[in-house]
Amino acid sequence: MESLEFLLNVLTLANMGAMFVGIVVGLIIGAIPGLGPPMAIALMIPISFEWPAETALILMVSTYAAGIYGGSFTAILLRAPGTSASAASAIEGYEMTKRGRATEAIRMSTFASVMGGLISGFALLYLAPPLAKISLLFGPSEFFVVALLGLTAIAAVSFGAVLKGLIAGLVGLLISTIGVDAASAFPRFNYGMTGLLSGVGILPAVIGLFAFAQALTLCEGSPKTNISGKAKLSWNIMPRWSEIMHCRWSLVRGWTTGLIMGIVPAAGASVAQWIAYAWEIQRGKPGDKFGEGEVKGLAATEGSNNGVTGTSLIPMFVLGIPGGISAAVILGALMIHGLQPGDRLFTDSPEVIFTVIWGFILANFFMGGIAAVMARTLAYVTLFPRGLLAPIIMIFCVVGTFAASGNPWDVWIMIAMGIIGYLAQKYNFSPAGILLGIILGPIAEEGLRNVLIVSDDSPFSFIFSRWISDVIIFMIVIALYYSFKPKAWDQAVEQGEATLAAGGKPGDKIIDD
Amino acid sequence: MKRFTSFAFAAVAAAGFAFGAPGTASAADFPSKAVQLQVPFAPGGGADRTFRLFAPYLAEELGQPVKVTNVAGGGGWVSWSQVVNDWNPKRDDHKLAVVNIPHIFSFLNPAMKRTEKLESFNFLAWHSYDPGLWLTRYDDERFKNLEDVLAYAQKQPIIVAPGSFGSDDHIGVAFAQQAVPGFQAKFVTSQGDNSKIQLALGKHVDLIAANVGFFIPSIEEKKLRPIAVLHPTRWSLLPDVPTFEEITGKRNITYAGRTLATANGLEEEKRKIYLDAIKRAIANPEYAAKEAANKNHLMFAEGDEMWQLLRDGQKVAEQAAYWKQEGVQ
Chain E
2 MESLEFLLNV LTLANMGAMF VGIVVGLIIG AIPGLGPPMA IALMIPISFE
52 WPAETALILM VSTYAAGIYG GSFTAILLRA PGTSASAASA IEGYEMTKRG
102 RATEAIRMST FASVMGGLIS GFALLYLAPP LAKISLLFGP SEFFVVALLG
152 LTAIAAVSFG AVLKGLIAGL VGLLISTIGV DAASAFPRFN YGMTGLLSGV
202 GILPAVIGLF AFAQALTLCE GSPKTNISGK AKLSWNIMPR WSEIMHCRWS
252 LVRGWTTGLI MGIVPAAGAS VAQWIAYAWE IQRGKPGDKF GEGEVKGLAA
302 TEGSNNGVTG TSLIPMFVLG IPGGISAAVI LGALMIHGLQ PGDRLFTDSP
352 EVIFTVIWGF ILANFFMGGI AAVMARTLAY VTLFPRGLLA PIIMIFCVVG
402 TFAASGNPWD VWIMIAMGII GYLAQKYNFS PAGILLGIIL GPIAEEGLRN
452 VLIVSDDSPF SFIFSRWISD VIIFMIVIAL YYSFKPKAWD QAVEQGEATL
502 AAGGKPGDKI IDD
Chain R
359 MKRFTSFAFA AVAAAGFAFG APGTASAADF PSKAVQLQVP FAPGGGADRT
409 FRLFAPYLAE ELGQPVKVTN VAGGGGWVSW SQVVNDWNPK RDDHKLAVVN
459 IPHIFSFLNP AMKRTEKLES FNFLAWHSYD PGLWLTRYDD ERFKNLEDVL
509 AYAQKQPIIV APGSFGSDDH IGVAFAQQAV PGFQAKFVTS QGDNSKIQLA
559 LGKHVDLIAA NVGFFIPSIE EKKLRPIAVL HPTRWSLLPD VPTFEEITGK
609 RNITYAGRTL ATANGLEEEK RKIYLDAIKR AIANPEYAAK EAANKNHLMF
659 AEGDEMWQLL RDGQKVAEQA AYWKQEGVQ
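Residue numbers (my numbering), protein chains in the order written: chain E, 2 to 514; chain R, 359 to 687.
These aren't lab readings, by the way, just hints derived from the structure by calculation.
Hints are not guaranteed to be accurate.
Claimed, not checked - A few chain R positions that, by computed beta-carbon distances, are all more than 12 Å from chain E:
hint, residue
1, Pro447
2, Val546
3, Gln549
4, Asp598
5, Glu676
Stated by the list, open to error - Pair by pair, the computed Cβ-Cβ distance ranges are:
hint, chain 1, residue 1, chain 2, residue 2, range
6, E, Phe485, R, Glu676, 50 to 56 Å
7, E, Pro392, R, Thr473, 36 to 42 Å
8, E, Asn227, R, Asp634, 56 to 62 Å
9, R, Asp634, E, Ile396, 55 to 61 Å
10, E, Met194, R, Lys475, 18 to 24 Å
11, E, Leu175, R, Lys475, 52 to 58 Å
12, E, Trp250, R, Gln549, 32 to 38 Å
13, E, Ser4, R, Trp665, 42 to 48 Å
14, E, Ser466, R, Asp662, 54 to 60 Å
15, E, Phe385, R, Asp634, 24 to 30 Å
16, R, Lys637, E, Pro392, 47 to 53 Å
C-beta atoms are modelled at their ideal positions from N, C-alpha and C, and glycine is treated no differently.
Make a model of the complete structure from these sequences and hints.
Right, dumping it as structure tokens:
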């Protein structure tokens, strides 16, 4: 492979140094709610301007990969996802932590993320041009049906309480309509408040619904107890072969979802993880305990969000169309360094682009080691008393939200979402459903309205005339079929499988209706 | 919100007390501390990128560090309503604000219920300017020039990707709908310039309405074809592309521009110090080279020249009156 020679270019002191800085910065900012890869990469642009292009870009892609993964630390350990890409991991991950299985969760998360990133990186290296062509097929009709596919995940993540889950999803969709409408420039539901003109952002929503709500939940119960019920932690950070084999198909499903969703423009990790998670729940086997710390669910969500990272760079490098916000910021950096995205990037500057791609692959590899050590240290927060943890999480939520946008309104939105999320969790109205509505509402709405405009008000024939829409509709039908079909693992629970209580402790909330 | 801002102000005031009362410094040692440059969008966007590149050069001229802060939200209005309504010329004399044109023209839209107008802002200088551009897919046999586009759009609606309603790109097409008899358009909205390339190359739309800078690479790669520039004269980067006015006789001027503003009522001496520093920083060839790579066209303008550009832009937006258009769904 001609691209293999560029692997050696990565191994210079400057490039490796940039990679390690990127990994460490990414892991830290990813873990802090509010601060995420796009912001860190944006701040790196002026700093790295004088550097060689490949060194600067290696710094950025390493930050991106590590940032998506770093968000999982706090999601698993505290149910306080650092980025919107790790919100789904908060469900099973934190349930594992509550049952004293934090290190096991981190082991699986690290393995799933590192391998997902590596596979995605190789897809970027060898399949970029053909995959980029597929991303062009996505137009208004496809955006609409992809968003619908994402919304079907609500049924799965509401864990049996489907009606309450759908109510939560509709509340989320309603919240997503707040703000100036892109297709008429009319401000909706802002009640004269400037701060609501741009609507409820995904970031304040995720931080509120999960992290801030979690801090409120921690205020219940004795302030002196810790969340894991453990006194010490295991030092074993390498996943066992048996653990990997147990989750092998979940991992494959997670990685596949990530790879595919990376190519879909504007979808990205925050959508991929939910589709992977829903798929996993629908494929559950008797004995699986989704919603109560099922490691398979975590393997799928963690595999999918890092599976996105490499392929989401494909449309950006080949067509100049970034698949997500981080990719958009990297595109800006690429242009500042005098490089134009497109076919010519691969033919005219192979030494830059292939060096960067190899840098991305190596960053995923080294990230595992650095992350495992960092996560092991971070895992001590699960031994903190609740009385200390809850205020610390609240402080991070407020500071992180404000730092991300500098908009004081976002802090109030985050706190409001936190109260909604707390009540939703308490009364079993899936906060994940609300989040899915907020993320997917705008994509679905814009897609549908554009379809209505270009199809002369005959949307059905327009949508069905496009083969890629048909494929996605077929997937929706399958997802709905499995949503209504009783789950194999759920039946096992109903039959009173004794395994139900095996991992649980008195006082644990069982998410079941 | 109220309590939060007053808390913030208390903190600023306390900081001011600790580091020497603000407003007492004479113009000779102004600025006496770091200057804040407030960008109305989140980190990572085009505006943020430009002003983060600009900050060190402005700092060099001012003799004090320049810190970029982001106050995002409300399509820019969270920041701008602070600038217009809350900034105090004494307390906030070490602050500069980025004001994006035509984004602020959304005050013309009655639905927005905004009380601000152009004159509410204390504009210092024009910083960068990017004229409107229409493009089609390069291998689209139907459209080789603006005449083809106009003839097609007079027979049936042409499908346009203008970003969102009320953007400068949308205003240019809305103006054509008013000015060119029989010109019909349908809009496929999307987020950002990147998505427009996606929509055009994927054959989801016929025409892109955008600005020059970002699309130069796609034009050079022969992926997109420039059809018309929405500027009074031909644009230096695309000398072969006619203006909208050349072909139709109608003056259609839209642009994406960035200006710098300061607190209303700022002392004239301080204003002049900022203005001179901005002027010299924009003229710095090293900075200009960086912005050229960033596909951002720098353009300094002040005083009457700056106000003329602002008023021209507002006139086209008023004539386009997109908020009155029928058929908006």
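Structure-based check of each hint:
no.: 1; hint: Pro447; result: holds (22 Å)
no.: 2; hint: Val546; result: violated (5 Å)
no.: 3; hint: Gln549; result: violated (7 Å)
no.: 4; hint: Asp598; result: holds (20 Å)
no.: 5; hint: Glu676; result: holds (14 Å)
no.: 6; hint: Phe485/E <-> Glu676/R: 50 to 56 Å; result: holds (54 Å)
no.: 7; hint: Pro392/E <-> Thr473/R: 36 to 42 Å; result: holds (40 Å)
no.: 8; hint: Asn227/E <-> Asp634/R: 56 to 62 Å; result: holds (60 Å)
no.: 9; hint: Asp634/R <-> Ile396/E: 55 to 61 Å; result: violated (43 Å)
no.: 10; hint: Met194/E <-> Lys475/R: 18 to 24 Å; result: holds (20 Å)
no.: 11; hint: Leu175/E <-> Lys475/R: 52 to 58 Å; result: violated (34 Å)
no.: 12; hint: Trp250/E <-> Gln549/R: 32 to 38 Å; result: holds (35 Å)
no.: 13; hint: Ser4/E <-> Trp665/R: 42 to 48 Å; result: violated (55 Å)
no.: 14; hint: Ser466/E <-> Asp662/R: 54 to 60 Å; result: holds (56 Å)
no.: 15; hint: Phe385/E <-> Asp634/R: 24 to 30 Å; result: violated (54 Å)
no.: 16; hint: Lys637/R <-> Pro392/E: 47 to 53 Å; result: holds (49 Å)
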